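Asker: So the protein sequences, as listed, match chains R and C.
One point on numbering: in my numbering, the residue at position 102 of the first sequence is 102, and numbering is uninterrupted.
One point on numbering: in my numbering, the residue at position 34 of the second sequence is 1034, and numbering is uninterrupted.
Wrong hints could be hidden among the right ones.
Below, in silico cross-link-like pairs of lysine to any residue (SDA-like), each with a Cα-Cα straight-line distance of 25 Å or less [claimed, not checked]:
no., chain 1, residue 1, chain 2, residue 2
1, R, 516, C, 1002
2, C, 1002, R, 140
3, R, 516, C, 1047
4, R, 152, C, 1042
5, C, 1047, R, 512
6, C, 1002, R, 250
7, R, 193, R, 167
8, R, 516, C, 1007
9, C, 1047, R, 504
10, C, 1002, R, 56
11, R, 537, R, 559
12, C, 1047, R, 17
13, R, 140, R, 193
14, C, 1002, R, 499
15, C, 1002, R, 17
16, R, 56, R, 154
17, C, 1047, R, 519
18, C, 1055, R, 502
19, C, 1002, R, 70
20, C, 1002, R, 616
21, C, 1002, R, 129
22, C, 1002, R, 512
23, C, 1002, R, 101
24, C, 1047, R, 473
25, C, 1002, R, 504
26, R, 140, C, 1007
27, C, 1002, R, 379
28, C, 1002, R, 397
29, R, 616, C, 1042
30, R, 152, C, 1002
31, C, 1002, R, 414
Quick partial rundown of chain R residues pointing at chain C, CB under 8 Å, derived from the structure [claimed, not checked]:
no., residue
32, 222
33, 418
34, 422
35, 425
36, 494
DEER-style ranges, computed between Cβ atoms [stated by the list, open to error]:
no., chain 1, residue 1, chain 2, residue 2, range
37, C, 1051, R, 619, 35 to 45 Å
38, C, 1051, R, 294, 32 to 42 Å
39, C, 1051, R, 189, 53 to 63 Å
Derived from the structure by calculation, the hints contain no laboratory data.
Values in this document were obtained by computation on a predicted structure and should not be read as measured data.
Note that beta-carbon positions come from the ideal geometry of N, C-alpha and C, so glycine has one too.
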Amino acid sequence: MSEMHTEHPQIILVGHPNVGKSVLFNVLTGAYSTVSNYPGTSVEVSSGTSTIAGRKYQILDTPGMYSLMPITDEERVARTILLTHHPHAVVHVIDARNIERMLPMTMQLIEAGLPVILVVNILDEAQRLGLKLDLERLQKQLGIPVIGAVMKRRIGLDELYSAIDAYRFCPHKTFVYQEDLERDLNAVVPLLKGDYRLSRRAVAMLLIQGDEDIRELVTKGEAAAASEEIFDQVRLISFRRRADLHLQIGMERRRICRQLLDGVVTQERQDAESFGQKLSRWMVRPLTGVPILLLVIYFGLFQFVGVFGAGTLVDFLEGMLFEEHINPVVVDAAQKYLTANWLFELVAGEYGIWTLGIRYAVALVLPIVGSFFLVFSILEDSGYLPRLALLIDRVFKLIGLSGRAVIPMVLGFGCDTMATLVTRTLETRRERIISTLLLAMVIPCSAQLGVILGLLAVQPLALMTWILCLVVVFMVVGVLADRLMPGEKPVFYMEVPPLRPPQLANVAIKTLTRMKSYFFEILPLFVIASVVLWAGKMTQALDLVVAALAPVVHAIGLPTGATTAFVFGFFRRDFGAAGLYDLQMAGALTTAQLTVAALTLTLFVPCVAQFLVMLKERGVKIALIIFLFVTLVAFAAGWTLNTFLNLTGFLL
Amino acid sequence: MKCGFCQRDIPPPYQVDPERKSCGSCFGGCRKLHCPWCGYPNPLPGKFLRRLLEKQAGKQ
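Isolated chain C, as found in the complex:
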């Protein structure tokens, strides 16, 4: 996964469990992944969008 701001690769340990609900900074529910290089909060797609993405990737 690449950061939306600095475009650097987010290393695997930061690529959190897709079921994770919080970025670790807030009380939960934000579904953000903070880039370890620049701190930018990247949105993590929910189940439905993720399934769509996987389908699209499968087709390709």
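Chain R with its partners taken away, still in its complex shape:
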């Protein structure tokens, strides 16, 4: 990218996404700009020129970044530009409405010793919200030029031109962290002797945070023995502060920024807190957040998915549409035209493609999964999920997970296979293994959940027993995994986006997209499963499997007929749940047996697809250990519950 290195002094624009950086770039460069990929990446960087007070400057618009510690390729490119260029000025553009959230990056840029000019953009919107900013005071506090602007109306542009023209770099002020963090920084900074584009203090901070690119830079910038000493020191600090390093640095920066903003930001109109803001606060506080969560579970999962989806909708589709209208026609036609018994069995027999595969997929699973996805999309679009992550972060810490794991866990209620894939986004290997285990064992997928809620809804005590058992298994397995499994504990902090009323179009599109993906994923699998079961029936291999499993099923107090539900369950969790539905409809289970079957089937081995993903994501050894462990725990839990129910007479 030759355009990025010219003889003109450079001005680099940096900032979060959506703060008006590109608007400023266009205002500065006009039509004379080029967009090209940063060398070795697909990340685009815009470059152009601007003449300010008779002097020509090259302007670089970097991709949006949230901090100097990069996560994405975009941030890495933006940071690399800062590391490799020697600009006349770095213009940091922030959104005046979110000044407290964005100022920590300004602080990082100043701390890094870069020639920073701060542009506080979108001032008009901030003023409309009643925010009054004393930018002169902020300028004094930060020790750098601060310009208030509304770039889309070119307000503040002349001041920015003057600031760029008059800018003379002088050493910036240092922000002082808490004593222990300062001690750690001071243990590393004196060891750094190399010449870096960033200040040594910033390099030390990034090293402690585990920045691999900076580590590489230090390896190149220092003598071999010196870099070893630096890395030893960094290792020691990182190990000592492994539990809360990132959190503490983040909190420290926020504390300093709050101090810097003291007297800078005033809310002119002291409007009362809106209901949305109150609700948002209630959702993350345990005292109010837990009852709200219970309400969401009761109305969203139990009433809507369980009673409406698995009850009303399934009764209509399966009980009326399929049983009374469609199936008789299909079976009659099959009897008439498919004279060979094996062919009739394949299409419309007990395990036929139509009578089992398609019926289960369309009439049983789809309405339940559809109603779940509708609730899920409403929660997602309203911004409830990040609040749930914060709420349960404390509980998750007990089981070795962080609030971040709420993503795979909640997604697991939709489909455990997809959720297992998402565990790769968790920070530590330990967290990934624990969440894979819990997903394979305790989290029922939406179809399973819907069927079980629908079946147990008429027996509140049985439903409570099932939930209680799952919570106990979840906590016991999680706490044991946390105690027994070596490795680093995760740290979690996140920005919570605003709470908003769900948008009808968004919810509809997300629900329909998810339903479509899910349906096209399960339909072929259900058809394959019914063909395999049909082949098993025709060759009598299925009888052998059922006979082999029967003693175990009897041991947990279930009739032989329940064995098929477990065999189905291995193909797909939802397939197994549908099998359980058929058993209950046939009146084959008592309340106690239904509760035991529901618990064992929920805890029972992950389905084939989930197991394959486990193999891919966690490796053969871990996947097999989880598989065996889950099978043992499922039947042990079923046996314990059955024995307890028989001894106490509860639910009998």
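Guided by the hints, dock chain C onto chain R, whose structure is given.
Answerer: Coordinates of chain C only, in the frame set by chain R:
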């Protein structure tokens, strides 16, 4: 495009080709777009829904 979980903007290179069928993590067919900030799998609407969306946007 904004992530459904963290509401952050998903940068352009991650906003994949609408014809793309897989999130890159699975064997295909999932039509998911993983947010680079939080890893959340966002559903990508198919052709029909996309056309509806475009129509709606056109009307507005």
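Asker: Starting from the hint list further up, note which numbers the structure goes against and sort them upward.
Answerer: 2, 4, 7, 10, 12, 13, 20, 24, 26, 28, 32
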